[in-house]
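Q: Position chain Y relative to chain Z; hints supplied.
Take a look at the letters that make up each chain.
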Amino acid sequence: MNTSSWLDRLKAGLSKSTSKLTDGISGIFRKRKLDDEALEELEELLISADLGPTTASKLTTNLAATRFDKEVSEEEVRTALAVDIAEILEPVAKPLTIDAHHKPHVILVVGVNGSGKTTTIGKLAQHYSKQGQKVMLAAGDTFRAAAVEQLQIWGNRAGCPVITGKSGGDAAGLAYDALQAALEQRVDILLIDTAGRLQNKSDLMAGLEKISRVLKKLDAGAPHDCVLVLDATVGQNAHSQVEVFRDMVAVSGLVVTKLDGSAKGGVLVALAEKFALPVHAIGVGEGAEDLRAFDASVYARDLMGLAE
Amino acid sequence: MFESLSGRLADVFEKLKRRGALSESDVSEAMRDVRVALLEADVALPVVRDFIDRVKKEAIGQEVLRSVTPGQMVVKIVNDELITMLGAENEGLELLAPAPVGIMLVGLQGSGKTTTTAKIAARLQNRDKKKVMMASLDTQRPAAQEQLKILGTEAGVTTLPIVAGQQPVDIARRANEAARLGGYDVVMLDTAGRLQIDEALMAEAAAVREAVNPYEILLVADAMTGQDAVNVAEGFKAHLPLSGIVLTRVDGDSRGGAALSMRAVTGCPIKLIGVGEKLDALEDFHPERIASRILGMGDVVSLVEKAAESIEQDEAEALAKKIQKGAFDLDDMAKQLGQMRKMGGLSGMMELLPGVGKAKKQMAQANIDESAILHQEAIISSMTRAERRRPKLIHASRKRRIASGSGTSIQEVNKLLKQFQTMRKMMKRMSKMGEKGLMRHGLQGLMPRM
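For the record, the sequence lines run as chains Z and Y.
Take 1 as the starting number for the first sequence in the numbering used here and just add one per residue.
Take 1001 as the starting number for the second sequence in the numbering used here and just add one per residue.
Since the hints were made in silico from the structure, they are not lab data.
Check before you lean on any hint, since a few could be wrong.
[What the hints assert, rightly or not] Taking lysine to any residue pairs in the SDA-like style, the calculated list, with each CA pair at most 20 Å apart, reads:
1. Y:1399 x Y:1374
2. Y:1399 x Y:1417
3. Z:58 x Y:1036
4. Y:1149 x Z:153
5. Z:201 x Y:1277
6. Y:1056 x Y:1084
7. Z:94 x Z:274
8. Y:1278 x Z:203
9. Z:130 x Z:186
10. Y:1057 x Y:1031
11. Z:166 x Y:1277
12. Y:1425 x Y:1393
13. Y:1149 x Z:195
14. Y:1278 x Z:144
15. Y:1392 x Y:1428
16. Z:166 x Y:1149
17. Y:1149 x Z:142
18. Z:210 x Z:167
19. Y:1418 x Y:1327
20. Y:1129 x Y:1182
21. Z:210 x Z:143
22. Z:166 x Z:181
23. Z:166 x Y:1153
24. Y:1149 x Y:1173
25. Y:1149 x Z:168
26. Y:1278 x Z:207
27. Y:1149 x Z:152
28. Z:201 x Y:1280
29. Z:201 x Y:1253
30. Y:1278 x Z:168
31. Z:166 x Y:1146
32. Y:1149 x Z:149
33. Y:1237 x Y:1045
34. Z:201 x Y:1278
35. Z:201 x Z:250
[To be verified] These stretches of chain Z come out as covered by chain Y in the derived footprint (C-beta under 8 Å, 3 or more residues):
36. 103 to 117
37. 150 to 161
38. 193 to 205
39. 252 to 265
Built from N, CA and C at the ideal position, the CB exists for glycine as well.
In isolation and in its complexed conformation, chain Z is listed as follows:
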């Protein structure tokens, strides 16, 4: 996954809201003292990038600790904030690691409706297939119309088999069958798609827990990774999503999608502080190649509108 072109994509995509945020900062700090009023405005601007009131307040307080009442330039403020944000994100910027000892390495993909689970699986399948890994997909979304067909098309593109069941059938049973097939065929990586579900629907969440439990019957260590797919346009509800999914199926990492839009997913910063879950990758488009590694410093600088 290369970083130079993701930056370009991200730049183009973020230009609108980034310019808003950074214009705001320019407005506040052109030859200006860092006083209470300026800090409050700065805090609001961070909030407008979805960082949330708590994290925004923490970052501005941090800034004030060393620079309060001093004349500060806009560049200085941006850089300082980018450094602080990168520092928070650095520990969570970890790509998915496939353990070759696991045959297969089972990855369960979960998330709310429309977050981009199937597309992310399609991209991951392509990525790993290209690396020469033997990949298998399980169409565990037996609920949404044509979800299976959608995954099959991705399977065809990546050239990997897709295990499917009946529409409306038992997702846990399908996952079990898929793992059995993957074990028999000595597959390297098994990616299991699941139906989107809102985290406050306890019956649906219990269904997810069942999938995870059933897999353990065949392989006590499975699923080896459980990836929560988060939509970057989601605001503060991301907290609730991470919390509930983590408690239910032991989420091991995040993939943030739709970062090619004007949303910046600033809530990631707050999530990193609160949950410290790895951010494995980001989605920046609908194509198979639009999945990139997450680079903390690039993301932070871009969030603050700084050129690399």
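A: For chain Y alone, coordinates are given in the frame of chain Z:
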């Protein structure tokens, strides 16, 4: 985070309570916390600012002084202003155009367009008895057209046959033509998800709109959307003449601030909300529900409203007992009238009581003279105790005496007696409905017909 916010607001309002009247600085202090509440609920910053300004203007002044406690009143003002901004009236879909009426759905990827398309189609077909055709213009996402087709089969709604490789504008034209020839009332166009900053895809959406000129263009947006809601709404509005918003995943646990942001930015009404994955999980938009969710202070708001409710409850209970005994008499009617007057007459009481909007409208149309209540009380108090308990006693000469005693006419006395009979009859009916029915319909059913 939300709990501590509620606590903080309670502290602020506690202070206000002790001080009594509200100064500008009091309001400003309260507004700081309201602002945080709104931001945490994902209301976009510019919208929050505008909102706070409006509430400040509203709060500093006489309305606060009249309230039970100033703090509660501020919350009520905030809540009411939220409702106003969200759109006080519930506006549905407009289908007042020559058939087939086009409805086009647009939005970001994963916002729920395809599901919403099928839900609206099912509703129009089943509830409104319209003949509906759906077509998917989504040539981007794999199996998207297939998805709509399957949903169409599930819902029993016709979908336009899929022609592989056909482009969105051509599919839209074909759908329109097929709907026209087939005698369909409505043709629904589901489109591919697109980012509002994707110029090529936005141009494509605009081209579809130009080609078939749909009557409704609905922006489908996820209730979980964060601060970006403003950018999304602005972007889509810049390219397409949006007619309304459909908010999806309202059954989730997000605070739904995006609703306010999008409403404010587009000026378009929120026409429908999605509340589940099933095809019938589509509801009309009720601003007051979203308002209390955004504010997260439904408890305080309902506190202000509870007084009115408890009046209703007590009244209904006492009446229920009377009716069960079959003992409703003119004394009871006088009591009812007196309470009504104390609560600010009929219209005043109507304002207080939840769930009587319809009756209130009827009252307004009937153009009722509020002083009629006073006259009626006077008539009853001019009766002897025996007459009040046994209205049957009241004959011609007694009526004359009562009329002159109360300074009214015999006609008015007759009218009141007739009203009393009607009320009695109604009560008998209600006692048959059972206590539950009475609780629900109590005072509305008891309103004298004048």
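Q: Confirm or reject each hint.
A: Against the structure, the hints come out as follows:
A C-alpha spacing of about 18 Å is found between residue 1399 (chain Y) and residue 1374 (chain Y), which places the hinted pair at or below 20 Å, so the restraint holds. Pair hint residue 1399 (chain Y) plus residue 1417 (chain Y) holds up; C-alpha atoms about 10 Å apart against a cutoff of 20 Å. Of the pairs offered as hints, the one joining residue 58 (chain Z) and residue 1036 (chain Y) holds, with about 14 Å between alpha carbons and a cut-off of 20 Å not exceeded. Between residue 1149 (chain Y) and residue 153 (chain Z) the CA atoms are separated by roughly 17 Å; this keeps the pair inside 20 Å, and the hint holds.
Only pairs whose Cα atoms come within 20 Å are accepted, and residue 201 (chain Z) paired with residue 1277 (chain Y) is accepted, the gap being roughly 11 Å. Between residue 1056 (chain Y) and residue 1084 (chain Y) the alpha-carbon distance is near 15 Å, which keeps this suggested pair within the 20 Å criterion. Straight-line distance between C-alpha atoms of residue 94 (chain Z) and residue 274 (chain Z) comes to about 17 Å, which keeps the hinted pair within the 20 Å bound. Restraint check for residue 1278 (chain Y) and residue 203 (chain Z): the C-alpha separation of about 15 Å stays at or below 20 Å, so the hint holds.
Using a Cα cut-off of 20 Å, the hinted pair residue 130 (chain Z) and residue 186 (chain Z) holds, with the two alpha carbons roughly 18 Å apart. A hinted pair counts as satisfied when its Cα atoms are at most 20 Å apart, and residue 1057 (chain Y) with residue 1031 (chain Y) qualifies at roughly 11 Å. For the hint linking residue 166 (chain Z) to residue 1277 (chain Y), the alpha-carbon distance of about 19 Å falls within 20 Å, and the restraint holds. For a cut-off of 20 Å, the pair hint linking residue 1425 (chain Y) to residue 1393 (chain Y) stands: about 18 Å separates their Cα positions.
Distance restraint check for residue 1149 (chain Y) and residue 195 (chain Z): the Cα-Cα separation of roughly 19 Å lies within the 20 Å cut-off, and the hinted pair is therefore satisfied. For the proposed pair residue 1278 (chain Y) and residue 144 (chain Z), the alpha carbon gap of about 10 Å is at most 20 Å, so the pair holds. For the suggested pair residue 1392 (chain Y) and residue 1428 (chain Y), the alpha carbons sit about 18 Å apart, so the restraint of at most 20 Å is met. A C-alpha spacing of about 17 Å is found between residue 166 (chain Z) and residue 1149 (chain Y), which places the hinted pair at or below 20 Å, so the restraint holds.
Proximity of residue 1149 (chain Y) to residue 142 (chain Z) is assessed by CA-CA distance (about 16 Å); at most 20 Å being required, the pair is judged to hold. Restraint check for residue 210 (chain Z) and residue 167 (chain Z): satisfied, since their Cα atoms lie roughly 18 Å apart, inside the 20 Å limit. With a C-alpha separation of about 17 Å, the suggested pair residue 1418 (chain Y) and residue 1327 (chain Y) falls inside the 20 Å cut-off, and the hint holds. Our distance criterion of 20 Å between C-alpha atoms is met by residue 1129 (chain Y) and residue 1182 (chain Y), whose separation comes to about 16 Å.
Among the hinted pairs, residue 210 (chain Z) with residue 143 (chain Z) is consistent with the structure: their alpha-carbon atoms are about 16 Å apart, no more than 20 Å. Restraint check for residue 166 (chain Z) and residue 181 (chain Z): satisfied, since their Cα atoms lie roughly 17 Å apart, inside the 20 Å limit. For a cut-off of 20 Å, the pair hint linking residue 166 (chain Z) to residue 1153 (chain Y) stands: about 17 Å separates their Cα positions. With a C-alpha separation of about 18 Å, the suggested pairing of residue 1149 (chain Y) with residue 1173 (chain Y) holds against the 20 Å cut-off.
For a cut-off of 20 Å, the pair hint linking residue 1149 (chain Y) to residue 168 (chain Z) stands: about 16 Å separates their Cα positions. As the CA atoms of residue 1278 (chain Y) and residue 207 (chain Z) are separated by approximately 17 Å, the hinted pair is consistent with the 20 Å bound. At most 20 Å may separate the alpha-carbon atoms for a hinted pair to count; residue 1149 (chain Y) and residue 152 (chain Z) meet this at roughly 17 Å. A C-alpha spacing of about 17 Å is found between residue 201 (chain Z) and residue 1280 (chain Y), which places the hinted pair at or below 20 Å, so the restraint holds.
A C-alpha spacing of about 9 Å is found between residue 201 (chain Z) and residue 1253 (chain Y), which places the hinted pair at or below 20 Å, so the restraint holds. Proximity of residue 1278 (chain Y) to residue 168 (chain Z) is assessed by CA-CA distance (about 13 Å); at most 20 Å being required, the pair is judged to hold. Taking the CA atoms of residue 166 (chain Z) and residue 1146 (chain Y), the gap is about 16 Å. The hint holds against a cut of 20 Å. About 12 Å separates the Cα atoms of residue 1149 (chain Y) and residue 149 (chain Z), which keeps this hinted pair within 20 Å; it holds.
A hinted pair counts as satisfied when its Cα atoms are at most 20 Å apart, and residue 1237 (chain Y) with residue 1045 (chain Y) qualifies at roughly 19 Å. Only pairs whose Cα atoms come within 20 Å are accepted, and residue 201 (chain Z) paired with residue 1278 (chain Y) is accepted, the gap being roughly 14 Å. The hinted pair formed by residue 201 (chain Z) and residue 250 (chain Z) meets the criterion: a straight-line CA distance of about 17 Å does not exceed 20 Å. Closer than 8 Å: that is the beta-carbon criterion, and the stretch 103 to 117 of chain Z has 5 residues meeting it against chain Y, so the requirement of 3 holds.
Counting residues of the stretch 150 to 161 of chain Z whose beta carbon lies closer than 8 Å to any beta carbon of chain Y gives 4, which reaches the threshold of three, so the coverage claim holds. With 4 residues having a Cβ less than 8 Å from any Cβ of chain Y, the stretch 193 to 205 of chain Z passes the three-residue criterion, so the hint holds. By the rule of at least three residues with a Cβ nearer than 8 Å to a Cβ of chain Y, the coverage given for the stretch 252 to 265 of chain Z holds, with 6 such residues.
In summary, this structure violates none of the numbered hints.
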